[in-house]
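33 is the number that the UniProt record's numbering gives to position 33 of the sequence shown; each next residue is one higher, with no gaps.
Since the hints were made in silico from the structure, they are not lab data. Heads up, the beta-carbon is just placed ideally off N, CA and C, and yes, glycines get one too. Don't take every hint at face value.
Said to hold, decoys possible - With a Cα cut of at most 25 Å, we get these calculated BS3-like pairs of lysine-lysine:
#1 142 / 233
#2 136 / 47
#3 47 / 112
What the hints assert, rightly or not - Simulated DEER-style distance windows between Cβ atoms:
#4 149 / 344: 40 to 48 Å
#5 149 / 94: 17 to 25 Å
#6 170 / 90: 20 to 28 Å
#7 92 / 317: 47 to 55 Å
#8 71 / 305: 27 to 35 Å
#9 344 / 148: 43 to 51 Å
#10 148 / 90: 18 to 26 Å
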Amino acid sequence: MMIDKFLQQLQEYNDTDFMCYNLDFLKNIVENIKSQFKGITIMYAMKANYDVQVLNVMKNHNIGVDCASYEEFKIAQKLGFELISCTGPGYTSNEIKDILDNNALFDFDSLKQLEDYLKNNSEGVEELGIRLSYNKGHLGIKIDDILERQHLFINIKRLHIHYGHKTLENLKEVLSYLENIVLYNKHIFRNVTSINLGGSFEELYRDKNIHNVQMMFSKFEYSMAATLGHEIKIFIEPGDMFARPIGFYKSEIVTSNQNKVILKSSVLNFCPWYPKRLHISLDMNQSLDPVEYLVCGNSCFEGDIFGKIISYRNISDDDSIIIYPTGSYNFNMTWYIHNRMPNNKIIYFKRGSFFESDSY
Numbered sequence: 001m002m003i004d005k006f007l008q009q010l011q012e013y014n015d016t017d018f019m020c021y022n023l024d025f026l027k028n029i030v031e032n033i034k035s036q037f038k039g040i041t042i043m044y045a046m047k048a049n050y051d052v053q054v055l056n057v058m059k060n061h062n063i064g065v066d067c068a069s070y071e072e073f074k075i076a077q078k079l080g081f082e083l084i085s086c087t088g089p090g091y092t093s094n095e096i097k098d099i100l101d102n103n104a105l106f107d108f109d110s111l112k113q114l115e116d117y118l119k120n121n122s123e124g125v126e127e128l129g130i131r132l133s134y135n136k137g138h139l140g141i142k143i144d145d146i147l148e149r150q151h152l153f154i155n156i157k158r159l160h161i162h163y164g165h166k167t168l169e170n171l172k173e174v175l176s177y178l179e180n181i182v183l184y185n186k187h188i189f190r191n192v193t194s195i196n197l198g199g200s201f202e203e204l205y206r207d208k209n210i211h212n213v214q215m216m217f218s219k220f221e222y223s224m225a226a227t228l229g230h231e232i233k234i235f236i237e238p239g240d241m242f243a244r245p246i247g248f249y250k251s252e253i254v255t256s257n258q259n260k261v262i263l264k265s266s267v268l269n270f271c272p273w274y275p276k277r278l279h280i281s282l283d284m285n286q287s288l289d290p291v292e293y294l295v296c297g298n299s300c301f302e303g304d305i306f307g308k309i310i311s312y313r314n315i316s317d318d319d320s321i322i323i324y325p326t327g328s329y330n331f332n333m334t335w336y337i338h339n340r341m342p343n344n345k346i347i348y349f350k351r352g353s354f355f356e357s358d359s360y
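Taking the hints into account, I'd like the entire structure generated from these sequences.
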């Protein structure tokens, strides 16, 4: 398998304690997702991983970018993305104005955010985008608030809805919800030309349900066109689906004894949301009997445990272990415990070779 070959190459690379992003894997993922979501506008949720090399792969494949903060927007702007979409509760009126003045899209996340912007900008918003609250989520604007303050919601062009990990069942429910609110409030939503369904398509993608998703999207587009009298575009903004599989952290072993391994890194340095796998290099002279090791982090926290690994040889202090997939949401790589900073070195793998960003 391709990943097994890469893991062995990474083990043979003469360095430890670094994050490696496999850009060859990313290129394949991007091309595969684009081929499966034909006719859909794909935005990369850069909050998953805003590494410049990763972002450049997206840009070179004509993927747009979704920004959850003004700081992310400035990165996307500097890199020259043609399509930039922004939404989030933390944007200020001045930041929103700068985004709109630079021809990027902004979808207002709350009633107060919209009211504050209109108060400070008498010219209003030419093409309004709003994020809808759904299923009692704390993000987005409630439909009741829109109905009560219709004078604020003039010329809505974009609807944005995001509600966590998607399944066929809850995706069907959301599409039905959107059909109904547009149908029964057509006087408010009559000018809508695009709908952003957010991200978190990983389970559907992994379970090979994209064909069913495409059929649901086609039916939804037809229904909306019949209601509005014009076609709409569907946007999606996966982040983790692109970024998580491409990250591999290679960690030095501090000590190994009594079937316990302690790494030179901590589980506290990694995103806690997803399970991780562990890899140890093979040995041509490996024994026949498997040995189970408990792999622990280097803190005094008893819960600092990565998991268990099976080895067909004795693990020594000269070995290293690869933790993967770790490509997304490792925002806490800058966290540290016991005043010990983790090693945040990053290397890349592209066209079969390893490199550091300033040497490629």
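Hint by hint, here is what the structure shows:
no.	hint	result
1	142 / 233	22 Å, holds
2	136 / 47	23 Å, holds
3	47 / 112	24 Å, holds
4	149 / 344: 40 to 48 Å	46 Å, holds
5	149 / 94: 17 to 25 Å	23 Å, holds
6	170 / 90: 20 to 28 Å	26 Å, holds
7	92 / 317: 47 to 55 Å	51 Å, holds
8	71 / 305: 27 to 35 Å	33 Å, holds
9	344 / 148: 43 to 51 Å	48 Å, holds
10	148 / 90: 18 to 26 Å	25 Å, holds
In the structure shown, no violation is registered for any of the earlier numbered hints.
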